[in-house]
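**Q** Chain A is already provided as a structure; the job is to place chains B and C on it using the hints.
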Amino acid sequence: MKLLIDGRAVTAEGTPTLLEVARANGIFVPALCEHPALEPYAACRLCLVEVKGRKGFVPACSTRAEDGQEVMTATAEIQALRKGILELILAEHPHACLICAEKPSCDDLKSTIRKTGEVTGCVLCPANGRCELQRVVEAMGLGLVPFPSHRRPGEVRRDDPFIDRDNSLCILCGRCVRVCQEIRGASVLTFVSRGSETVIGTALDRRLLDSACQFCGACVDVCPTGSLMDRGGRYDRPAEAGTKAVCALCGQGCRLNAGIREGRIAGTSPDMDGPVNRGQACVKGRFLVGPALSHPRRLLKPLVRENGSLREAGWEEALDLAAKRLAAFAAGEVAVSASAQSSCEDLFVLQRFAAEVLRAPAVAGPWTGSAAAGLRDLGRTAGRALPLNFRMTDIDHARTIVVIGEDLPVTQPIVGLHVHRAASMGAEVIKVDAGKRALGLVSRLDRSKPAVILFGPSLVGGADGPARLAALEAAAAATGGRIIALDREANVRGGLAIAEAFPTLPASTGARALYLAGPHPKLKPGEAELVIVQGSYGDEISALADIVFPEATSFEAEGTFVNVEGRIQVSRPAVAPPGEARPGWRILQDLAGRLGAKGFGYGSEADVRAALAEAAPAFDAAALAASNEGPAFLAEGPAGAAAFAGRDAGRGRGRARVAAPLDPDDYKGLSLVLENKSLKLVRGRRCPRS
Amino acid sequence: MPKILTRERLVPNLHLLEVHAPEVAGKCRPGQFVIVMPDEKGERIPLSIADWDVERGSVTAVFLVVGTTTRKLAALKAGDEIPVFVGPLGRPSEIAAFGTVVLVAGCFGIGALWPAARALKAAGNRVVALIDAKADYLVYWKDRFRSVCDRVVFSSRDYALGSKEFVPGPLERLLEAEAPVARVIAVGCTYLMYASAQATKPLGVKTVVSLNPIMVDGTGMCGACRCTAEGKTKFACVDGPDFDGHHVDWDELFMRRKSYFDDETRSLCRYEETELP
Amino acid sequence: MAEDKKELAPELKEKLKAEFDKDWRKEQRKSVPAKERMKTARQKMPERPAGVRNRDFQEVNTGLTPEMALAEARRCLDCANPQCVAGCPVAIDIPSFVKLIEKGEFLAAAWKLKETNSLPAICGRVCPQETQCEELCTMKKASGVPVAIGNLERFASDFERLSGSMKIPPLPPPSGKKAAIIGAGPAGLTVAGDLAKLGHQVTIFEALHEAGGVLIYGIPEFRLPKAILKAEVDYLKRLGVAVRTSFVVGLTATIDDLRNEGYEAFFVGSGAGLPNFMKIPGENLVGVYSANEYLTRVNLMRAYDFPAYDTPVFKARTAAVIGGGNVAMDSVRTAQRLGAERAVIVYRRSRAEMPARTEEIHHAEEEGIEFQLLTTPIRYLGDERGRVRAMECQKMGLGEPDASGRRRPVPIEGSEYTMDVDLVVCAIGQSPNPLIPQTTPGLKMGKWGNVEVDWATMATSLPGVYAGGDIVRGGATVILAMGDARIAAAQMDQYLRR
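These protein sequences, in sequence, are chains A, B and C. Residue numbers for the first sequence follow the numbering used here, so the first one is 1 and each next one is one higher. Residue numbers for the second sequence follow the numbering used here, so the first one is 1001 and each next one is one higher. Residue numbers for the third sequence follow the numbering used here, so the first one is 2001 and each next one is one higher.
Looking at chain A on its own, in the form it has when it is part of the complex (with noise of 0.2 angstroms):
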């Protein structure tokens, strides 16, 4: 369509908005209560607009571009309009800095931090700088507010962990009502009261903790002024510079901003366009990033132990020594555990060390016991090929949701926002355990609705996990909806994949030795002759290895990671490695040359990966490339599903022992939950989840 915007002729497609065109074409038009993510609101009326045949103004964030409109963004009325409206916004947030002549020389000149009391003005607000309403105000221009300065009293709520809220700065955009509704679905928090005494709050001004807020730090991203604050980044200086990362904390695969300072991760937050998550996040990749990398218990160097007790050494004598022991042992003599955290490269490498190096009989990886793992299974059985890739999207469509085990907003954090959102458009949501209720519940469900059934690894345990499974993928097949594996480690669809390119040995007599780079069932003490550990975290095994090997976090390297949906993502690294941690590849690396094995002389990640793709079918190669382009998900389908039919894929006999699920909190052996004060109190509540 064509349109008139300040005399200007522009052009639009699809439905846009007003403000959407206007922006488009480089027309500022200032809004503050309106954001992308959000449905139109028009409540800070900032946007009026003229329309040329409609009688006064229209907000131009919910009013539709139409053919042949004309529109006047910037006539002397509508400034004069606008002024006034920003200067009623003003009379009740500090303004003083904002109008202030002096403001450039007096910031810089201040020199104490400031931003921990109360705010009253720019130069103490910890938002100074990044305020959607200094851009506004410096954008229109103002010199004084004509009202007095009123304070909406109360001081700043810091009751909550994560989260400071401060009154005083809100302009009462809804911004985080909206969002905490809208996409959360937690709704947390409301207008509270009336006309001037109108405050943003929780229902009897609960802490967030003692009502459904799980956390995720929408509202703080999306709240314009310093009003809705994360603590941790309330006094820094602005990071020096930002990166893009894949989460790898859970198995959603997020995408994050990361700020970085003096080469550490400040803090993250969601990115807008990460194609999974859509500018939204939870708890732990909102705030929990940082210090899960500095974590105190974070294996910085190599460890061997002598005499009795372990101490640092270096890389060449870890390595030599490792290799040493190691050649030791005969086939079958050695087992390898692997972690579902861990990246397609890590797990590739590895695979290939246990298999022609060590020539163990399989590595015991948490996906053998996996939702996915069951589900493909089944398909096996069938004989039929049960995709297991979907997309966050299709959840929204369905319109009955079954969701089994799974604590969706701890376990699944953006399957839920699917969720929410399909049920705010009219889906019945039917929680259950995944115990016999299951089954019945499943049995009656409508068929002329179409039916997603979500599931995590709960379901597939236990001898008749296979039939209950089967049971539920009919029921969902009979209305013409599907059934939905959900994981909660970073990559167990990727450690799937790759394990099937390994073929499983029969077991022999038994280990005498273990490597262990992933969770293992706790370790009695001469339970092995050599424990070798290569690992992020200090914990009890690791204590009780012979050698240890730190290794980098997904964050600190590079890698692939393949999420819930099967969407193959490859996550830059943040920051460098801290002490001397290295990626996992790059110590199997090494070993495998020290016991003078061939052909894993990979000189990067992309290497490894296209021996990946050559390797296990499932990573397409081209998938692999344009991981970074388009989305790419691991190939499935008749021939995918056909190539493995018949074979021997886990189940049975030579199956290493497998530790339990993993905590969902849990990140590479350090318990999240246990070990941050604040998550502890995130997760330890009983109140009622949304």
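Be aware that a few hints might be false.
Claimed, not checked - Label-pair ranges, simulated between beta-carbon atoms: (1) A/S196 with B/V1054: 37 to 47 angstroms; (2) B/H1247 with C/S2175: 47 to 57 angstroms; (3) B/R1029 with C/T2358: 42 to 52 angstroms; (4) C/L2398 with A/R297: 53 to 63 angstroms; (5) A/P148 with C/R2244: 44 to 54 angstroms; (6) B/H1247 with C/M2278: 18 to 28 angstroms; (7) C/Q2438 with B/V1054: 15 to 25 angstroms; (8) C/P2046 with B/G1231: 46 to 56 angstroms.
As the list claims (entries may be wrong) - Heads up, incomplete: computed chain B residues facing chain C, CB under 7 angstroms, no partners named: (9) T1068; (10) R1071; (11) V1216.
None of these hints come from the bench; they were simulated from the model. All C-beta atoms, glycine included, are put in the ideal place defined by N, C-alpha and C.
**A** Just chains B and C now, with coordinates in the frame of chain A:
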């Protein structure tokens, strides 16, 4: 250890602290300060003395919350004990019959100038107060100043106080209206004192400022508070805190006050990690 | 300046002889022939390895074991004319305490020490014995290596402290007289202890919030653990001394005010609390510290434990400390422990002229401290944030001796060079703190801010007011302060009983 008699929030972000310290109370003079340490692991920081009561045996200071130590002070309650409350330190302000004196006070400076205001009035001066504040609700002790000063005017960015400028403009107009002004005394944040001194320099009016560098011991022993005044290095705690504002190296003071910005941030983050959920 | 060496007074000679003549001493001298004693090598004080100790603040010396103490004590010849006593500024009966150690009576040795020295655990650690008692030791003349008197003093006093049996001597009946001590440093603590033992009611007024003066703010934990100082102060409190901290005499109350409260005799021991700067360009840059500030932040305010303790201090990559005395050694070794990759001493004379304790220089060298000798800074250069980033230095040659007897440093033209630094500590000396002089009318001052005294009595120009330590001498040593305190206490006792 000295006991807290009162700790109250006077206006947003500004608190009053009244401590039982009879010996200190008996010796207080306008312009002096105390050094306080809120707990065993705390820092020693200077606070201007805003009032004292010899009978009650108490000394009062006001402070803004800007960092870890002031956060800790703001969390104290009546009855708490405080490990260090030492004073009165610094040279007292010069009080004599000068003629017309203009006091420029901002934030904690309002409290800090209160003793000087009443002493100057008692000495026979015409005392005019220019109180700067970001908003009307940030001004305290208006009645006290009105009761003692011959005139009280405001500079502010708040419509309610009838002004829309920072100190320099109103101060220049005041000096003209009240001419001849014998001296100006400016106490408040460093920027306010700097701006006041800059405004009065071309008019040649003697301007006394109360410098606020970082301090550790407060008795001239360490030199942390050194600043350059009249071309020489002086210690604000024993040579000051009052100095001639036209002869202060302000750039040096601004830079020295920022010495520990990163450490202060770390300290605050750690304080919150331990104190907050 | 007063003479540091005193002739042994007749009463002292008699006292020494009385102990010397005791039967057990005679037997002990006979038990091991002198020749054998002289052949024994000196026990080396056990130290933590340099590479380990230079990263933390634990004490460097770990102390002699009882076996080592016995062996070392055996080296002492028990001279009839003990010159070591003449070298001690407070005239400790050295032979007696050493021989008690040899006898195995460690507690008795400690008590013997405490008869003359109220702070033996401190002196044993910080006295420059090599220029005092050990300099004059007969064993040194005979075999070249003196008896380790300092280490033995430390051993005995530590033994007493750790044994938990700190003995309080029997106190005389209270005199009813009040004495005010200004400053809880080594001088003040000594006067307080002496006067309390003589029956007077003593109150120490200290400006800082912890007692100890230079012992707590100046000398680092790795040389003098605070626990030891605390034990010494507790001992004084048990003798009945009251300590009022955060009390600045001169501001919180003047000497006249205290007179009105009934104090009759005063001791001014307010110390050398005025840092000297070189007055060169750039000295006010951020990151240039006086040694007083640097050490106060780290020692008194525990900045090495930041952020558990709130007070920060710069942790530099390259730290330069200007000066060659004990304070400079303390500062540079502190900077290294705080993580400096390079910790450098910049001193305008040569090693031989450095006034620091030999052991401290030795420890510093072991720990990897760099020494840029015959060098002096001429200016500091800063970055755009006003922080020091470099130092322009000039090399010096040594000319004729100056008033102190040391060769005068002479600048070498054209020898300037620039060194990158991000921390400078100016440890070129301290002057007397001006607070008391400024607020006590009638107190006669010397030309460089010191209080003038009659050296025989330590009396000032005001009746009843005595002074000692750095406020009188300028920056000097703990033991000299204690020597002054000894004399002043005796005079004050007489004055109070007049």
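**Q** Tell me if the beta carbons of C/P2046 and B/G1231 are separated by a distance inside 46 to 56 angstroms.
**A** holds, 53 angstroms
**Q** When the nearest CB of chain C is found for B/T1068, is that gap smaller than 7 angstroms?
**A** holds, 6 angstroms
**Q** Taking 53 to 63 angstroms as the stated bounds, is the beta-carbon spacing between C/L2398 and A/R297 within them?
**A** holds, 56 angstroms
**Q** Lying within 18 to 28 angstroms: is that true of the beta-carbon distance B/H1247 to C/M2278?
**A** At 23 angstroms between Cβs, range holds.
**Q** Restraint: B/V1216 near chain C, CB-CB cut 7 angstroms. Satisfied or not?
**A** Holds, about 6 angstroms.
**Q** Just to be sure I understand the hint, the distance between the Cβ atoms of B/R1029 and C/T2358 should be within 42 to 52 angstroms; is that true here?
**A** holds, 49 angstroms
**Q** Using the C-beta atoms of C/Q2438 and B/V1054, is the stated range 15 to 25 angstroms upheld?
**A** Distance hint for C/Q2438, B/V1054 holds at roughly 24 angstroms.
**Q** Do A/S196 and B/V1054 keep their Cβ atoms within the hinted range of 37 to 47 angstroms?
**A** Holds: the Cβ-Cβ distance is about 46 angstroms, inside 37 to 47 angstroms.
**Q** Kindly confirm whether 44 to 54 angstroms is satisfied by the beta carbon distance between A/P148 and C/R2244.
**A** holds, 51 angstroms
**Q** Given B/R1071 was flagged as interface, is its beta-carbon under 7 angstroms from a beta-carbon of chain C?
**A** Nearest chain C Cβ about 10 angstroms off; hint violated.
**Q** With respect to the beta-carbon atoms only, verify the hint that B/H1247 and C/S2175 lie 47 to 57 angstroms apart.
**A** Holds - the Cβ-Cβ distance for B/H1247 and C/S2175, about 53 angstroms, lies within 47 to 57 angstroms.
This entry does not satisfy hint 10, going by the numbered hints stated previously; all others are met.
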